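S.K.: From first to last, the protein sequence lines are chains A and B. So the mapping is simple: this note's numbering equals the position in the first sequence, first residue as 1, plus 5. So the mapping is simple: this note's numbering equals the position in the second sequence, first residue as 1, plus 59.
Just so you know, these hints were derived from the structure itself, not from any lab. Do not take every clue at face value.
[What the hints assert, rightly or not] Simulated crosslink set (DSBU-like; lysine-lysine; CA at most 35 Å straight-line):
hint	chain 1	residue 1	chain 2	residue 2
1	B	Lys235	A	Lys234
2	A	Lys116	A	Lys52
3	A	Lys52	B	Lys135
4	A	Lys110	A	Lys97
5	A	Lys11	B	Lys135
6	A	Lys116	A	Lys19
7	A	Lys116	A	Lys234
8	A	Lys19	B	Lys126
9	A	Lys16	B	Lys126
10	A	Lys110	B	Lys168
11	A	Lys23	A	Lys110
12	B	Lys135	B	Lys262
13	B	Lys135	A	Lys234
14	A	Lys97	A	Lys16
15	B	Lys168	B	Lys262
16	B	Lys135	A	Lys23
17	A	Lys116	A	Lys23
18	B	Lys262	A	Lys110
19	A	Lys234	B	Lys232
20	A	Lys52	A	Lys11
21	B	Lys135	A	Lys116
22	A	Lys23	A	Lys97
23	B	Lys135	A	Lys16
24	A	Lys23	B	Lys126
Bear in mind that the values here come from a model prediction, so they are computed numbers and not experimental data.
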Amino acid sequence: MKYNLKVWRQKNSKSEGKLVDYTIDSINPDMSFLEMLDVLNDNLVRKGEDPIAFDHDCREGICGMCSLHISGRAHGPQHAATTCQLYMRSFKDGGTIYIEPWRAKSFPVIKDLVTDRSAFDRIIAAGGFVSVNTGQAQDANNLPIEQAHAEKAMDAAACIGCGACVAACPNSAAMLFVSAKISQLALLPQGGPERNIRAINMVNQMDAEGFGNCTNIGACEAECPKEIKLTNIARMNREYLLASLINE
Amino acid sequence: MGLTGLFLICFLVVHAGINACMWFNDGGKTFTFYAHFMGTNFIVHFIEAGLFAGLLLHIVDGLLLWKQNRDARPVKYAYSNPGANSTWYSRSMGILGSLLLIFLIIHLKDFWGPNRLNQIMTGEERNTFEMMQEEFSNIFVVILYCCACFALFWHLLHGFQSAFQSLGLNNVKYNKVIEVAGTVFAIVVPFIFALMPISMYFKLVH
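So that you can see chain B by itself, here it is in the shape it has in the complex (with noise of 0.2 Å):
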């Protein structure tokens, strides 16, 4: 789980930062650049198929938890106060990840999937800059795109941390940098996100 969490932390810096090039307002051309890239290179494409390996490595692994987990506790208390020894988004782990996950199916089918279909049948790219001022001009999609990010905020304010904890990665002298690492990250990256839709549908990208 803390393995694939963070091989899946590293694409998110690689998504936020490339789809930060919108704001360079050239019109898409540093993001289409970019774009074309990573939807045509050779080694690209390699590690893509490595990214749903992980994907689904992360989401079967979380099933086999959630399954155990449950099965280890066949009988429930009657009466639980959690939230008086925990996090409610540590113990929410699996909703959170239903919830964004849920989330990459429509998130995959507004952009990569149109994409790859028109390569597979055409041989050429769609403008995704194009796809993404369509896309964004709806603002329910602007809030579902933030609701996500949200969603995506406190599923990292526990994984980023969690994920060295359970490989063993810890220790007194470094623990305060990990948190404080993991909960500007779980802030910073889904907030650059959650940036994109918004801008997009106040036209402050062009």
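Bound conformation, chain A alone (with noise of 0.2 Å):
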């Protein structure tokens, strides 16, 4: 199969970037989305070019490391899948394919198509964790914990981090993720002595980070590769506003 690309190309995070023209020739419509920029580089380097740079790892679905804004839509346009897991044969032969990257002031981009995600990783610093002693392995079995609760608090830990949500997002909003990073933590007894605190320093530090803010339109939904669910976003709201509240 043959495609049309246009690639975002930028040097590194202080110079201006724009999209370059490539063309791909030979691609078997079975190979995933990253080893046809594994064909790419690989041309571009037999030419003596610059290889494109793109953020990857486990290429399973599950580290959420790679990203790609393609053609239109965080991970492309396959429901509920990661970049590494979209395939080929989702595009038509001979189709353009637009490559971006993330596009947020909270993720500069550092080269081409990598961005750097680490306020993410601020967040969760800010109080994505438990620190109270919740006693050995055994006492996790002896907690009396509702199924319903269970299960909730599994889908929303079911969340890779990979930013999707952020760059769906028309407001550039990271509230799914870090509404689902609150939820698996406050539906569980284990995240219950810490749920007022965490919600308040977890949102202060995603607004200082310089994400925009929830308006409901669900975009963050639609395309993240784990599903997380918008209810997440309400519950979050619901713990910050009860934790302002109360909070002394």
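Got two chains here, separate frames each, mind docking them using the hints?
M.R.: Here it is, written out as structure tokens:
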């Protein structure tokens, strides 16, 4: 299969970037999107050109490292899949594909398609953990947890922190990510003792990083590779509002 | 945004309810009775000030949101396909709100302004029923009001449900109720408002 690619090339965070045209041929339809980029990079290296920098790691859809805004969609057109799980058969032979990095002030471009997503790390560091003593392994089994809560917490914990929510949101809001991280702990007894201060600190850090605000458009939920639900954002708003009222 | 939005939604109910009295077809007797109460009661005047404050907060909050959200993405996508993952009206609340504000200024200039001015100058209220009859005899005014109702429909279609989500009032058990109520409200209230100038124009109200 043959494709016309328009790839964002940017030397470093200081320089101005632009879309560069490439044509790629003889692509197997069962290749993943990243493998297609590998082939393109191989061609570029052979010609003595600078290969395209892009993030990737496990290539199994679980690490959250790959990104890419592909033809107007975060992680491409396939529903509930990361870029590494996207296959070239999803694209029309001979078609044009736009490849851009995540766009947000809080995710500055480092090079080409690679963005700095450490803002998410700083949000987690602000409170996305349990620091009270929750006992030994057997204590976890002794804690009564309602099945429905455990399921909801697990669904929220499926978030891989890739940043597709920010990329898809017209406001560059990070609330789906932050709400998933707040929810997974708020729903379990181990997260209970610190839930108020956690909600306040994580939301404050999110705002300090310069992410936009949620206006309930729902693009994040539609594009999330792990299908994190908008109900988490409502839970976060509830946690934050209540915590703001009662926290001293 | 959600809190002030719900407050303004409450106002819409009151406004639509009182104006619907025109359909008693008693020469505006019932309508004028309530209009007189709303125009002269001390407590209502107090609430009216609260209404303007709520509206102002809603506008200022909206502008702040718009600015922060715009600043959060300094470099735009060269190619984007927003229709694939969201509805146009959920992304256009600022534009819809601005259209409604322009309409609101015209609407206040048409009715509320001249009436209050007359009250201050002469201490007398104007006959708002006759004002309506006069205003809505112009087809362009009727079309303008209908267009505003259409914008209000889209604004409410997203806004009603969105307000509950923003306030964290979201529960799997009630989500469907909020969704249906929001859609029904967004259709019914603007429809009632749109019927008013239409029925005045076609002399169905007398």
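S.K.: Decide, hint by hint, whether the structure agrees.
M.R.: For each hint, the structure was consulted:
1. Between Lys235 of chain B and Lys234 of chain A the CA atoms are separated by roughly 15 Å; this keeps the pair inside 35 Å, and the hint holds.
2. Under the criterion of a C-alpha separation no larger than 35 Å, the hint pairing Lys116 of chain A with Lys52 of chain A is consistent with the structure, at around 20 Å.
3. Between Lys52 of chain A and Lys135 of chain B, the direct Cα distance comes to roughly 31 Å. Compliance with the 35 Å bound is thereby established for this hinted pair.
4. Proposed proximity of Lys110 of chain A and Lys97 of chain A is supported: the alpha carbons are some 32 Å apart, at most 35 Å.
5. Note on Lys11 of chain A and Lys135 of chain B: the hinted pairing holds, with a Cα-Cα distance of about 15 Å set against a maximum of 35 Å.
6. A C-alpha spacing of about 10 Å is found between Lys116 of chain A and Lys19 of chain A, which places the hinted pair at or below 35 Å, so the restraint holds.
7. Restraint check: the Cα-Cα separation between Lys116 of chain A and Lys234 of chain A comes to about 31 Å, which is no more than 35 Å; the hinted pair holds.
8. Our distance criterion of 35 Å between C-alpha atoms is met by Lys19 of chain A and Lys126 of chain B, whose separation comes to about 24 Å.
9. Only pairs whose Cα atoms come within 35 Å are accepted, and Lys16 of chain A paired with Lys126 of chain B is accepted, the gap being roughly 29 Å.
10. Between the alpha carbons of Lys110 of chain A and Lys168 of chain B the distance comes to roughly 42 Å, so the proposed pair goes past 35 Å and is violated.
11. Restraint check for Lys23 of chain A and Lys110 of chain A: satisfied, since their Cα atoms lie roughly 17 Å apart, inside the 35 Å limit.
12. Taking the CA atoms of Lys135 of chain B and Lys262 of chain B, the gap is near 52 Å; set against the 35 Å cutoff, the hint is violated.
13. With a C-alpha separation of about 26 Å, the suggested pairing of Lys135 of chain B with Lys234 of chain A holds against the 35 Å cut-off.
14. Between Lys97 of chain A and Lys16 of chain A the alpha-carbon distance is near 30 Å, which keeps this suggested pair within the 35 Å criterion.
15. Between Lys168 of chain B and Lys262 of chain B the alpha-carbon distance is near 23 Å, which keeps this suggested pair within the 35 Å criterion.
16. For the hint linking Lys135 of chain B to Lys23 of chain A, the alpha-carbon distance of about 12 Å falls within 35 Å, and the restraint holds.
17. This hinted pair checks out: Lys116 of chain A and Lys23 of chain A have alpha carbons roughly 12 Å apart, not beyond 35 Å.
18. Proposed proximity of Lys262 of chain B and Lys110 of chain A is contradicted: the alpha carbons are some 57 Å apart, above 35 Å.
19. At roughly 15 Å between alpha-carbon atoms, Lys234 of chain A and Lys232 of chain B fall within 35 Å of each other, so this suggested pair holds.
20. Between Lys52 of chain A and Lys11 of chain A the alpha-carbon distance is near 18 Å, which keeps this suggested pair within the 35 Å criterion.
21. For the proposed pair Lys135 of chain B and Lys116 of chain A, the alpha carbon gap of about 17 Å is at most 35 Å, so the pair holds.
22. Among the hinted pairs, Lys23 of chain A with Lys97 of chain A is consistent with the structure: their alpha-carbon atoms are about 24 Å apart, no more than 35 Å.
23. With a C-alpha separation of about 18 Å, the suggested pairing of Lys135 of chain B with Lys16 of chain A holds against the 35 Å cut-off.
24. Taken as a hint, the Lys23 of chain A and Lys126 of chain B pair is honoured in the structure, with Cα atoms around 26 Å apart against an allowance of 35 Å.
Checked against the numbered hints above, the structure violates hints 10, 12 and 18; every other hint is satisfied.
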